[in-house]
Amino acid sequence: MADTKTTKTNSSGIRRREFLATGAAALAVGVTGFPAVLRAQAAPVKIGLIHPVSGFIAFSGSQCRAGAELAIADINAAGGIKSMGGAMIEAMLADSQGKPDIGAAEVTKMTEAGVHGLVAGYSSAISLATSQEAAKTNTPHVVDVGVSDSIVSRGLSNTFRFGPGYGKVAEMAVANLDTINKAAGSPAKTAMIVHEESLFGTGTAELLSKQLPGIGIEVVDVIKHANPTRDFTNIALQIKSKKPDLIIPANYYNEYVLLARTLRQQKIEAMGIYSVLGGAASNLQFVGEFPEAAEMIMDCNHWYDPKSDVALARRKAAEAAGLVYTYEVFLAYNAVAFLADAIERAGSTDQDAINAAMASSTWDNHGMPYGPTKMVNGQNEGAQPVNTQVQKGEIEVIYPEEFASAETVFPMTM
Amino acid sequence: MPDSAIIIPSVLNGLTTGGLYALVALGLTLIYGVLHIINFAHGALLMLGLYAVYFLNVQFGIDPYVALLIVPPAMFALGYALQRGIIGRASHGRDENILLVTLGLSIIIENLSLYFFRSDTRTVDTPYSFDVVEIFGAFLPYPKVVAFFGALITAALLWLLMSHTDLGRAIRALAKERKGAQLVGINAEHVFAMSFGLGVACLGVAACLLLPSYYVNPQVGGGFVLIAFTIVVLGGMGSFVGALIGGLIIGVVEAMGGLFLGESLGQLGIFLIFILVLIFRPTGLFGAKA
Chain A
0 MADTKTTKTN SSGIRRREFL ATGAAALAVG VTGFPAVLRA QAAPVKIGLI HPVSGFIAFS
60 GSQCRAGAEL AIADINAAGG IKSMGGAMIE AMLADSQGKP DIGAAEVTKM TEAGVHGLVA
120 GYSSAISLAT SQEAAKTNTP HVVDVGVSDS IVSRGLSNTF RFGPGYGKVA EMAVANLDTI
180 NKAAGSPAKT AMIVHEESLF GTGTAELLSK QLPGIGIEVV DVIKHANPTR DFTNIALQIK
240 SKKPDLIIPA NYYNEYVLLA RTLRQQKIEA MGIYSVLGGA ASNLQFVGEF PEAAEMIMDC
300 NHWYDPKSDV ALARRKAAEA AGLVYTYEVF LAYNAVAFLA DAIERAGSTD QDAINAAMAS
360 STWDNHGMPY GPTKMVNGQN EGAQPVNTQV QKGEIEVIYP EEFASAETVF PMTM
Chain B
0 MPDSAIIIPS VLNGLTTGGL YALVALGLTL IYGVLHIINF AHGALLMLGL YAVYFLNVQF
60 GIDPYVALLI VPPAMFALGY ALQRGIIGRA SHGRDENILL VTLGLSIIIE NLSLYFFRSD
120 TRTVDTPYSF DVVEIFGAFL PYPKVVAFFG ALITAALLWL LMSHTDLGRA IRALAKERKG
180 AQLVGINAEH VFAMSFGLGV ACLGVAACLL LPSYYVNPQV GGGFVLIAFT IVVLGGMGSF
240 VGALIGGLII GVVEAMGGLF LGESLGQLGI FLIFILVLIF RPTGLFGAKA
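Protein chains in written order, with numbering that gives the first Met the number 0: chain A, 0 to 413; chain B, 0 to 289.
Isolated chain A, as found in the complex (with noise of 0.2 angstroms):
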């Protein structure tokens, strides 16, 4: 009786000896077969991503952060990070606020709770108080937008910035608009400089100052103003007092807005609205909701390549996704898109080698008008500004002519 038990039982299943045999090879393949693939799963890259998307840059800050999402959603949608066994990038996100403090407090707290990397912070001063929190612990840190020059300068070896910074701009706006001006023979003699209070306002209209000289173009008067600024006439009084033949505004979106809409209002006529990094100027929000006193108006900006399928399908999809396409979200979708790269190629979230990776990158596929990627002390060299024009309603592309859509309409008709 006892051997017909033993036997039904072993006719249901397998010997005590088999048995044993099989648990000890799942447990061995357990141990050296599976690991890749359960690390994966239960280890996901975290990509910290602090913006202001309160405070009175919101609407920027918001905007970096729905780009870098889309960009973590596409790389885990394509399969994560492939050479760690596909491993998902989880998103930790934080608000800064707009106050550089609190920034670096958010950089705290993701690195004690394990952050592998960081995308941050939209304007200058929050970026360059996140990256230096940051390197304290080496932490990789991507700057999406912020354009100070200080931000590559103080020898950080974990701070990189993918896009171009206010000197860069300066440098390249100033060098344009001598070409622009110098076609149309040589009409604008003048400029007046409005810009915000801030490092990036202050900073570019500096640049500005000393090098428009340089093409002959006198600056006549640079005024700053607050931000908020709740009213922009007696700024539009000081502009038609002087007659300066070009107006260069450098500020945050909602004051350009203002301050475009007063122009138009005090029947302000000038050759042409020279925008550097303008706020507004390169918006589709504000194109399209003031379209009359967007149109003509020029900027030196952050734009992408609009003869790249790469940029022309980001659009596409970013709006589909009901974002309008501003370049915080393509900045910011980059800045993460260039960091996933190099935990791409590092293969791991080790620190140094993450550095390394983003030190050495050749990453190219951005969209942007910037060639392959070649660090220089953590700031991206090929990076640079395009001029752009509003034409019909629509932004286009006007210098270097490589990328540009549109031919350059100067002096504007107001």
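Rather than coming from a laboratory, the hints here were simulated on the basis of the structure. Source: prediction; values computed, not measured. Where a beta carbon is used, it is the ideal one built from N, C-alpha and C, also for glycine. Some hints could be false.
Quick list of the computed label-pair ranges, beta carbon to beta carbon [stated by the list, open to error]:
#, chain 1, residue 1, chain 2, residue 2, range
1, B, 89, A, 308, 56 to 66 angstroms
2, A, 76, B, 225, 39 to 49 angstroms
3, B, 124, A, 364, 30 to 40 angstroms
4, B, 61, A, 373, 37 to 47 angstroms
5, B, 84, A, 376, 54 to 64 angstroms
6, A, 376, B, 99, 43 to 53 angstroms
7, A, 346, B, 84, 30 to 40 angstroms
Place chain B on chain A using the hints.
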């Protein structure tokens, strides 16, 4: 030193901007005058009013000035409900509680707006957005001229309401002597809620007149509420005439400050006035002595 030719246009512009400030301050001073509390949710409620005007325009094509028929009554109802349902109940009759409740309300309203409306800055494009009225060589934006006269009319209507209606008399009685007013049969809870509702309705008027020349985002109220507090202190807490005159003074001081001190320092003058009034005339220009 600015060109002398732009001083008169700048003063005129300051007056029209001051009219807008006065509109925001009128509601604040009314609420203070009766409830004796500073409404920290004032900026957040202005923002809600601006969103209401924006969505009426974008969704239904209703002009911001036509929205005057809809938004102020809706804001009145909201204010009445807030006072009756939340502020009055949660405060338990203690002023310090009311301060905290209104502060909490402002945080909730702003964050809900951030969640539902996102942080996008939104504007409306009306047929008169770029129209101007020419006075003494100055181009005054049409929406701001309308807002200036809107402030005058709103202040006059509030004055009429307070001095010539039973509700006004009840409000004044409660503001002066709460227990006495209750003893003669005035329903204090109802009148408090009416006062709060009227204050919030003023914000509705301000929103309709402001949006054609400004923008809305969840943080927009903060930029106005600090100015409104200064105006209320300058004009005298609880005084409509004070709020109107105070608003105009602040508008001109801001414009002149910007012109002579530079645009980024222009607001120094406003806060200098604030400090001087507190030192030398704590009751404000038209405020009653405590």
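Hints versus structure:
| no. | hint | in the structure |
| --- | --- | --- |
| 1 | B/89 / A/308: 56 to 66 angstroms | holds (58 angstroms) |
| 2 | A/76 / B/225: 39 to 49 angstroms | holds (46 angstroms) |
| 3 | B/124 / A/364: 30 to 40 angstroms | holds (38 angstroms) |
| 4 | B/61 / A/373: 37 to 47 angstroms | violated (54 angstroms) |
| 5 | B/84 / A/376: 54 to 64 angstroms | holds (60 angstroms) |
| 6 | A/376 / B/99: 43 to 53 angstroms | holds (51 angstroms) |
| 7 | A/346 / B/84: 30 to 40 angstroms | violated (59 angstroms) |
Figure legend: structure checked against the earlier numbered hints; hints not met, in rising order: 4 and 7.
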